[in-house]
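So the sequences go chain by chain: R and S.
In this text, residue positions in the first sequence follow the working numbering: the first is 3, and each later residue adds one.
In this text, residue positions in the second sequence follow the working numbering: the first is -4, and each later residue adds one.
No lab work stands behind these hints, which were simulated from the structure alone.
Across the chosen pairs, the derived CB separations fall in these ranges:
| # | chain 1 | residue 1 | chain 2 | residue 2 | range |
| --- | --- | --- | --- | --- | --- |
| 1 | R | Arg81 | S | Ile13 | 42 to 48 Å |
| 2 | S | Gly60 | R | Thr95 | 57 to 63 Å |
| 3 | S | Leu126 | R | Asn94 | 53 to 59 Å |
| 4 | S | Trp589 | R | Gly148 | 52 to 58 Å |
| 5 | R | Val114 | S | Ile470 | 39 to 45 Å |
| 6 | S | Ala594 | R | Lys126 | 55 to 61 Å |
Some, not all, of what chain S presents toward chain R, calculated at C-beta under 7 Å:
| # | residue |
| --- | --- |
| 7 | Lys273 |
| 8 | Gly277 |
| 9 | Phe280 |
| 10 | Ala302 |
| 11 | Pro307 |
| 12 | Ile322 |
| 13 | Leu332 |
| 14 | Gly337 |
| 15 | Val341 |
| 16 | Gly354 |
| 17 | Val369 |
| 18 | Tyr373 |
| 19 | Phe438 |
| 20 | Ile448 |
Remember, it's a predicted structure, so these values are computed and weren't measured experimentally.
Positions of the beta carbon are idealized from the N, C-alpha and C atoms, including for glycine.
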Amino acid sequence: MARGSVWLKRAVTGACVALLVVILGGCSFFGGGPQSVNHPAGSNMQTIWNLFVPIFWMSVVVFAIVQGVLLYSVIKFRRKPGSPEPHPTHGNTKLEITWTIIPALILAVITVPTIATVTDFAKKPDTGITVQVVGHQWWWEFDYPGQQVVDADEMHVPIGVPVYVELRSNDVIHSFWIPKLAGKQDVVPNQHNHLWFTANEIGTFRGQCAEFCGEQHANMAFTVVVQSQADYDAWLAHNRAPAVNIPSSNDLATKGQQVFFTAGCVGCHTINGMEVNGVKALGQVGPNLTHVGSRTAIAGEVLPLTQENLAKWVHNPQAVKPGTLMPNLGLTQDQANQVAAFLESLK
Amino acid sequence: MAQVTTTQQGAQYRRSTIWEWITTVDHKKIGILYLFTSLFFFLIGGILAMLIRTQLIVPDNTFLGPATYNEVFTMHGTIMIFLAVMPLNAAFFNFLVPLQIGARDVAFPRLNAFSYWAFLFGGLLILSSFLFGAAPNAGWFGYANLTTLTYSPGLNVDFWIFGLQILGIASVASALNFFVTIINMRAPGMRMMRMPVFTWMTLVTSVLLMLAIPSLTIGLVELTFDRYFGTLFFEPSAGASVVLWQHLFWIFGHPEVYIMVLPPFGMISEILPTFSRKPLFGYPFVVYSGIAIGFLSFGVWAHHMFAVGLGPVANSVFATTTMLIAIPTGVKIFNWLGTLWGGSIVIKTPLLFAAGFIGMFTIGGISGVMHASVPVDYWQTDSYFVVAHFHYVLFGGSLMAILGGIYYWYPKMFGRMLNDKLGQIHFWTVLIAFNMTFFPMHFLGIDGMPRRIYTYPDGMGWNFWNKEESIGAYILGLSMLLFAYNFIKSLRSGEIAPADPWDARTLEWSIPSPPPAYNFAVVPTVTSRDEFWEMKYGSNEQSTAQKTNLNPTAEDERHIHLPPPSYYPLVAAGGLLAMGAGMVMHGDGMAVSWYIFGAGILVLTFGLFGWSFEPNH
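Next comes chain S alone, as it looks inside the complex:
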């Protein structure tokens, strides 16, 4: 019976026309759009990584010239951070949060669609720079005054500024949406301390996004005024301190690290209990340490600036706060180990990725403590030691967990299972190739190889490890192609997924895979943490009684009110794109630029008006 329902649902998804996808306000469809779009961007970022490793495979290589290499490494960082890891997390926020808290959609469904379209357009604006031969080339951190007109006269930096501004709007709108959703839309009985940890981490991340992005926005506005209107925020000859940019950037940039890694912490905290068949060890500690990390993340930014010359007092203070933030992070790791300990561990792909995450993230965390010691950082900063560190955090950490999350929730998203055997091969090749690629970067750091150099001379002792790393990177790339194959093939021919393929614990598994548009036929009343587990195995009568209510009847469905589809979010986001493109064109001195910018304002206004006066039912 359950299987029949599932196939019907799957068929319903496939019948969706392009128009339905364009006008959708369904959080699940938007989540899937986020997932596909960010995986596409991830592929481009990965290709750029292959180009980087190919250039560095031998000394004095001329595969890429310096100008191209600088564009490639800048775009690799920008894409992986803003267009891959962040929106991959957003894909999970969108798909999962309403399901986990027992809601029918997010608080502002059309704003949610707007966030997606703005994200897509911001990403496309940045990527379009390749077509004009003017890809951003000042590093993803864009340190002033290298980014001023004097030193970066081309359009490269302009594409970067306006792409990031549009992405920032998308992120803040999305963060606001999830903050309100989690606070206001929880099912009856879903108290804060009963929320799944992934939802908790989404809440913390939303707060970080709302507070951190504006700092980047301000920096970018100042840079825009310097480049377009002749202000002197970053002009040393007029007495400016270019370190101002670094403060603004890293007040955004360090919380950003946690924006990328807290949602994966949440995913791990869902996967481990399911596959250990045990509740999360020390749920309150895990939640509170997540909140503590959120607070502390705003007090550690200057550890990116130890060598800038802020003076011994500032450096000591930020060394201390950085040591402090390691404590809640360590607590989480120990609690995950406590969850595994004494469990009945089912070795499936999601569990392997979760365990791999713990192992690899620990390495990145430990080298992070090394950088926190200021004098050690004087050596390690801007060397390959740091490149090793943040790839252990962002690839070994964030991305491993996200891959685990994709294997775990894919059945819920698409109604089909990913092939587990291919998944396990994928895991082991990723684990080995990842370490081949990034572990020796520690050695190169010890051998004094600086970051962001497009070439290096022979005789530095760097040849062997660079070659070995490049080989590792190619294997990693192939391994990701295997994943792509599994992902695409399983969409059509994967094993049909039941509602609850992993015998899991949280509410999203109580409804069919994929879930119907309205999610819950009957909004559940929550009586405990791990509510679905209680429904299945609990002794609580109220919980177990609900189980019978989960399958909807035709009668139920008729009474469910869902937000109608709308194309206004797309229109409004299109207006933003035109504004951004107009600004970039103005950088090139095109006369038509202000008209395009103005038209963008009109389209945005039209979109927002249409949106506001659209009937809601």
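This is chain R alone, in the form it adopts within the complex:
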């Protein structure tokens, strides 16, 4: 008997230590990635994390009790030679009512802040900026209402100011998610969803579509750039301006401009304020390219934006991103290089 219980104590202690090691060890094995939620940089995700942490510790307690009793029972009450027949207990009403009520209370404790937070998230903040986000297969469009700025795959917001995000879909259901700043909200055709957050750290944060939306769902990422108010204002001013003139000294880019305006690119893309031989780029299907050269990535963040990658992309989009809706226009490698130089110069 004594020997048995010592063995049991050791087993239980060992299990507790192992559990702590796993939890703490786990903590050092995750977090710190570009989309890790455990060090939030926005109010919305901070609130969620603050709600999660106590729920997590309650879960650990419940987990430890259930697994503890389970292991204890299976070890302690296992059949040994000469074990007596167990007493045929059919139940214990008081005990059963107790373990119905205690979980009910725990759940009630979780429900109250849950509902309070849900209500809080649904309110529109009184101040701040509004950004209209449009989900497309498979890229993101960012409109700044009243600012005449339209951007793709890169969202700029000022620090410390509530950002009210209006979500629209152009095709199927997507889900807008910037893990470090906010929880997700689906982007549903014919439905006006929104969410809001206040960024509280300057930097760039990766976001990604979180609802399966077809072949290239995996490559529908974007970057959120959190800036000081001054930098943000400067960015708006820069992006409001029409496209830069291509200096004639830049021979490659000038040729690329000719290709761009004759090969069919303008059917899908807009470049504000540019006209070549009476043709304007006013297409609404693909991303607005007025200042594409100032962005960091292309095609839903499949590739970093470099002249070389742009050339690869316009030469054969399907090879870069199979299934993309951008057609192969049959550009020669030279033409692709010229278009890439042109796009790259659209700072």
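Mind docking chain S on chain R? Use the hints.
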């Protein structure tokens, strides 16, 4: 003496010709057909899982392209849910329920055969899509409007629609059958509150199936009309709300979770008392909490839709109902622990799987409560955190219990024991590899990895755990091969099983292994819960007196009337298959499609007529 009977029975099974299996209406044979078929589908689903893990083992992998990956993950989910876990449960309904309630067969034996054939054909129709390079690719949930012709022009979605429709017919027919069987065919004295818990959970599951499947059927019909006849149920430009699909799907989809997990709850409630040598702790609490889960399961569907934008009121209501459903689930777990407590626990493979089930299902239940908190769900939904959650529920939960159930009832089904040593190795490797594969998915959820992505870039902090998970998945796959080896080898050379190898408590153990075609030579009169235990050890005279009646005499056998075999159920199900195949062909614009569809209607009608006018004796 008992052993002689058993070998004779075993020989009788082996003499069965293919024709006997095709025309059988014996619930035990149908149960075995379900078991083999769903294990075969489970193998395919498992191979697809290996492909998924191989694609994700390193960043920027090109093993599978995006189009193939989307087909593979869609088919993995569809197969595991509709063609593996659900029919594995059905295998146990078929084999066990009549035995547990002291009946000679189900209420509608030919309808039962029809359910099986429709299930097989529906599964084959979906799987045949691989041959045409058009496997379903819009996710097992098939959210509109991605599934409309505009965004899914191929046959992929058509295979999915008509495969699921045929499977739905099979499920509803089967559910109706078991509902009527349990209500009407119980042996004298088998009151509701004396029924084994597995039978209870089958009853609740049958009700869920009958009420939940129609919602999916309606959604699929609307989608069919959109794709084939130009209606606009899911066309946003015509003002449609695509969220309609999600409501229809999840009103089916959440009860579906309990359809998959309640029968395993029942299995656990049979295994634990047997191996603890104690009655189930708090039988009424376990039964009533099962019924409560059944009711509540229809009021929680929108917790799959917290991020859809239903508004704060709807989200709060569904958060509350979801918290509520956690209570009866928790009650069950505590009652199972109460059953183990103070028992005399025999450590055999079924018990290990049952204990593993409690441990793993608890983890899935706890993370489920986390998602019930709406703001937390805004983070966790559609991330790998959720992938971890439902694999703890469906693999750590349902499948662990089903494996335990197979080890437990295999002797009754086949008259031979599974090798217990191999079984224990199987259990420990499953437990370790399962946790290696799925626990770190919680970490990936915290690191912001979304679901259903065919690749991910380097530098996201996801590389290590993805690689580790893939290794875990391979070990899990190998462990399942060990199980397959044990399963197949024991069919021929396993130790001969006595009628009651585990010293168990319920009626199915009172008859030979495998049972004779008529199950009970003399229909027992039930006087208590755990009737067979009472027969063996009880003080009740009526119960103990019956024990002597269990072995049949030639005289008894001659008077037992059994339903005759019939091939009409197969014919009728074949008609359904032709109708489904015709519809898919029409999606491809083939001129012959309507003729095949029409021929399917004729064959179905012929099958049903033949069935109706077939002499019953």
